[in-house]
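Chemist: So the sequences go chain by chain: A and B.
Note that the numbering used here has the first sequence beginning at 1, numbered continuously upward.
Note that the numbering used here has the second sequence beginning at 1, numbered continuously upward.
Hints are not guaranteed to be accurate.
Identical copies look the same in the list; a pair holds intra-copy or inter-copy alike.
Derived lysine to aspartate or glutamate pairs resembling EDC-like cross-links, with alpha carbons at most 16 Å apart [to be verified]: (1) Lys114 to Asp125; (2) Lys296 to Asp77; (3) Lys318 to Glu56; (4) Lys331 to Glu144; (5) Lys151 to Glu200.
These aren't lab readings, by the way, just hints derived from the structure by calculation.
Protein chains: 2
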Amino acid sequence: MKRLDKLKHILEKSGKFPYLITDMSDIFYISNFTGSTAYIFLTEKDNIFVTDGRYEVQSREELDDSWSIKIVSSYPDFLSDMIKKYKRVFVTESMGLGLYNHLIKDVELLIDQKNEISLLRAIKDEEEIKHIRKAYKIASLALENSLKVFKFGETERCWAAYLEYQMKVNGANRESFDTIIASGYRGALPHGVASDKIIEPENPVIIDYGADCRYVSDITRMIYNGKEREILDNLEIISDTVDLAIQHIKPGIKCHEIYDLSKKYLARYGLDVYFNHGLGHSLGIDVHEKPVLNAKDNTIIEENMIFTIEPGVYFPDKYGIRIEETVLVKKNGCEILSSMLKDRYFKI
Amino acid sequence: MKRLDKLKHILEKSGKFPYLITDMSDIFYISNFTGSTAYIFLTEKDNIFVTDGRYEVQSREELDDSWSIKIVSSYPDFLSDMIKKYKRVFVTESMGLGLYNHLIKDVELLIDQKNEISLLRAIKDEEEIKHIRKAYKIASLALENSLKVFKFGETERCWAAYLEYQMKVNGANRESFDTIIASGYRGALPHGVASDKIIEPENPVIIDYGADCRYVSDITRMIYNGKEREILDNLEIISDTVDLAIQHIKPGIKCHEIYDLSKKYLARYGLDVYFNHGLGHSLGIDVHEKPVLNAKDNTIIEENMIFTIEPGVYFPDKYGIRIEETVLVKKNGCEILSSMLKDRYFKI
Numbered sequence: 001m002k003r004l005d006k007l008k009h010i011l012e013k014s015g016k017f018p019y020l021i022t023d024m025s026d027i028f029y030i031s032n033f034t035g036s037t038a039y040i041f042l043t044e045k046d047n048i049f050v051t052d053g054r055y056e057v058q059s060r061e062e063l064d065d066s067w068s069i070k071i072v073s074s075y076p077d078f079l080s081d082m083i084k085k086y087k088r089v090f091v092t093e094s095m096g097l098g099l100y101n102h103l104i105k106d107v108e109l110l111i112d113q114k115n116e117i118s119l120l121r122a123i124k125d126e127e128e129i130k131h132i133r134k135a136y137k138i139a140s141l142a143l144e145n146s147l148k149v150f151k152f153g154e155t156e157r158c159w160a161a162y163l164e165y166q167m168k169v170n171g172a173n174r175e176s177f178d179t180i181i182a183s184g185y186r187g188a189l190p191h192g193v194a195s196d197k198i199i200e201p202e203n204p205v206i207i208d209y210g211a212d213c214r215y216v217s218d219i220t221r222m223i224y225n226g227k228e229r230e231i232l233d234n235l236e237i238i239s240d241t242v243d244l245a246i247q248h249i250k251p252g253i254k255c256h257e258i259y260d261l262s263k264k265y266l267a268r269y270g271l272d273v274y275f276n277h278g279l280g281h282s283l284g285i286d287v288h289e290k291p292v293l294n295a296k297d298n299t300i301i302e303e304n305m306i307f308t309i310e311p312g313v314y315f316p317d318k319y320g321i322r323i324e325e326t327v328l329v330k331k332n333g334c335e336i337l338s339s340m341l342k343d344r345y346f347k348i
Numbered sequence: 001m002k003r004l005d006k007l008k009h010i011l012e013k014s015g016k017f018p019y020l021i022t023d024m025s026d027i028f029y030i031s032n033f034t035g036s037t038a039y040i041f042l043t044e045k046d047n048i049f050v051t052d053g054r055y056e057v058q059s060r061e062e063l064d065d066s067w068s069i070k071i072v073s074s075y076p077d078f079l080s081d082m083i084k085k086y087k088r089v090f091v092t093e094s095m096g097l098g099l100y101n102h103l104i105k106d107v108e109l110l111i112d113q114k115n116e117i118s119l120l121r122a123i124k125d126e127e128e129i130k131h132i133r134k135a136y137k138i139a140s141l142a143l144e145n146s147l148k149v150f151k152f153g154e155t156e157r158c159w160a161a162y163l164e165y166q167m168k169v170n171g172a173n174r175e176s177f178d179t180i181i182a183s184g185y186r187g188a189l190p191h192g193v194a195s196d197k198i199i200e201p202e203n204p205v206i207i208d209y210g211a212d213c214r215y216v217s218d219i220t221r222m223i224y225n226g227k228e229r230e231i232l233d234n235l236e237i238i239s240d241t242v243d244l245a246i247q248h249i250k251p252g253i254k255c256h257e258i259y260d261l262s263k264k265y266l267a268r269y270g271l272d273v274y275f276n277h278g279l280g281h282s283l284g285i286d287v288h289e290k291p292v293l294n295a296k297d298n299t300i301i302e303e304n305m306i307f308t309i310e311p312g313v314y315f316p317d318k319y320g321i322r323i324e325e326t327v328l329v330k331k332n333g334c335e336i337l338s339s340m341l342k343d344r345y346f347k348i
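Here chain A stands alone, though its shape is the one from the complex (with noise of 0.2 Å):
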């Protein structure tokens, strides 16, 4: 069944007609429309698609002809006049603050706090897949390209915009999220973007990057040429965390068991007072989606379903540890989607 009729379907079913989607990504799900503004207004009978005049061409290449497509110049009046004639309209929570305090004063505005949209979009479709497998091979491809012409003594900034131009020669329209390439101390930094840091030889070096391809990955490996035993064995055990994490993910358990079993395996070893994020993430068209593998999420994970496991230690001013591997959970188990990137640590 097309997505489209899939979520009308469950609008129908749930009464939540009419129902105004503002999400991009949710509107490139529903509609294939790639531009950047475009809203999407879907009730009973029709399924309309609003944009402005820089897309009039590219959504009439984009859409098929389930949609009746509107040109307009102000988003805010065509709106408004648009819901007017309703008493109620559901939206999402992503709809921005500025339109909803202009809609609100023509119609009663519900929110979908179980947001049906968000709930398709987690288990993802064999097309999904297949682009989302595409992601994960133009990544690891860029790795093992880059992998060839890294050098201690550059800066995190040049490895990473070498990264990123490998993956978009292979074929991204961008990277997933800014790459992370955090060296040595700055490894102690979760969210340490590329810096002007120079990499030195003995650093541990954090790679957590990802091809934007429509779909995305996100991938992490390290490099270490050192010889530490304490990084060297921290290595170890998040590797085998990963694992021990990819053992129990299957349809039927919760997101929170996952993460729970895995900081619990980190304390055998008094590492979990070092891990301070959660331990995965859903992924498709956004980076981050929902459900997530945390401490609260009660989700019961299905097949489809695509999640990151990447935990990590971080040592303040001393150094950080994270590898992440991606997986598709499948009737019995789950297939890891980064495995073409057989290695999770590197020496160059």
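Dock chain B against the given chain A, drawing on the hints supplied.
Modeler: Same frame as chain A, but now just chain B:
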């Protein structure tokens, strides 16, 4: 005066305490914090900065001692507790609807329609102008280097990848936005980001790109090796339209007047109907800031505002022309920030 002090002075005068800031560019502007998640809460007495464990080290490094830093594990819970003791709190339109609906249970939320921070940000200070100059320098250098290696017969994606690589190795954190390399018929898409289309020798090519170095640049240049009279004439006319706007921009004139005279100039040649977007926008921390040069913006231009000037004409299925300079408004006119790239269109 420090930006924080300036803002607090304005909030005091306008009676807008307490004030909750949620936009990350606003937060960077006020506090110097460069991470991805934080909130600022200003009262007469206190300057509270709220972030999570990932940014503990970083926030202490980046913020000065004006701030009381709170590291929290749940933003909604902490913010809810913090603002509960007030009757009403001012917020900006950029606040997420989810948080808005969570907090409005505890306290009245008033949206600052005037958006005091955005008004402050429109007038750049010396420090900001220095950073913006750097972003233009890096972008200009990157295009100069790229022009030496760009070849016809390659894809738009490859050109974009190389240009972005050049910006990054020269110091950019990322591209300001997805690089537009739109050749031949794709030039008619005003937002035609680089695709897998091969660039042919007879194609006019729009290159619209910029470097984000905390502050951004935004430049459009064209490549045209062909000899079609119509295209060469339109290049001249668009370049003249840019010059006309530059001649008129100065303190005291209204934004829409600059747009109007450009549109009128294009009408002389019957080209106004092919010019379907605004003439330009402010930029700084973000690529699109206010005020903007369009038909509706009544803002009076002031010294130290910065505007892009980017007229374009688009002929569906044929080609497009756009040229973009950026100006810093001075006492009696303006300075062109993008002038390092002297030529507006190139042969390669």
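Chemist: What label fits Lys114 with Asp125 when the C-alpha limit is 16 Å: within, between, both, or neither?
Modeler: neither (20 Å within a copy, 45 Å between copies)
Chemist: Classify it for me, Lys331 with Glu144: is the Cα-Cα distance of at most 16 Å met within a copy, between copies, both or neither?
Modeler: neither (31 Å within a copy, 54 Å between copies)
Chemist: My question is about Lys296 and Asp77: at a cut-off of 16 Å on alpha-carbon distance, are they close within one copy, between copies, both, or neither?
Modeler: between (41 Å within a copy, 14 Å between copies)
Chemist: I want to check one pair: Lys318 and Glu56. Are their C-alpha atoms no more than 16 Å apart within a copy, between two copies, both, or neither?
Modeler: Between copies, since 15 Å is at most 16 Å while 53 Å is not.
Chemist: Under a CA distance limit of 16 Å, which applies to Lys151 and Glu200: within one copy, between copies, both, or neither?
Modeler: within (9 Å within a copy, 36 Å between copies)
In the structure shown, a violation is registered for the earlier hints numbered 1, 4, in ascending order.
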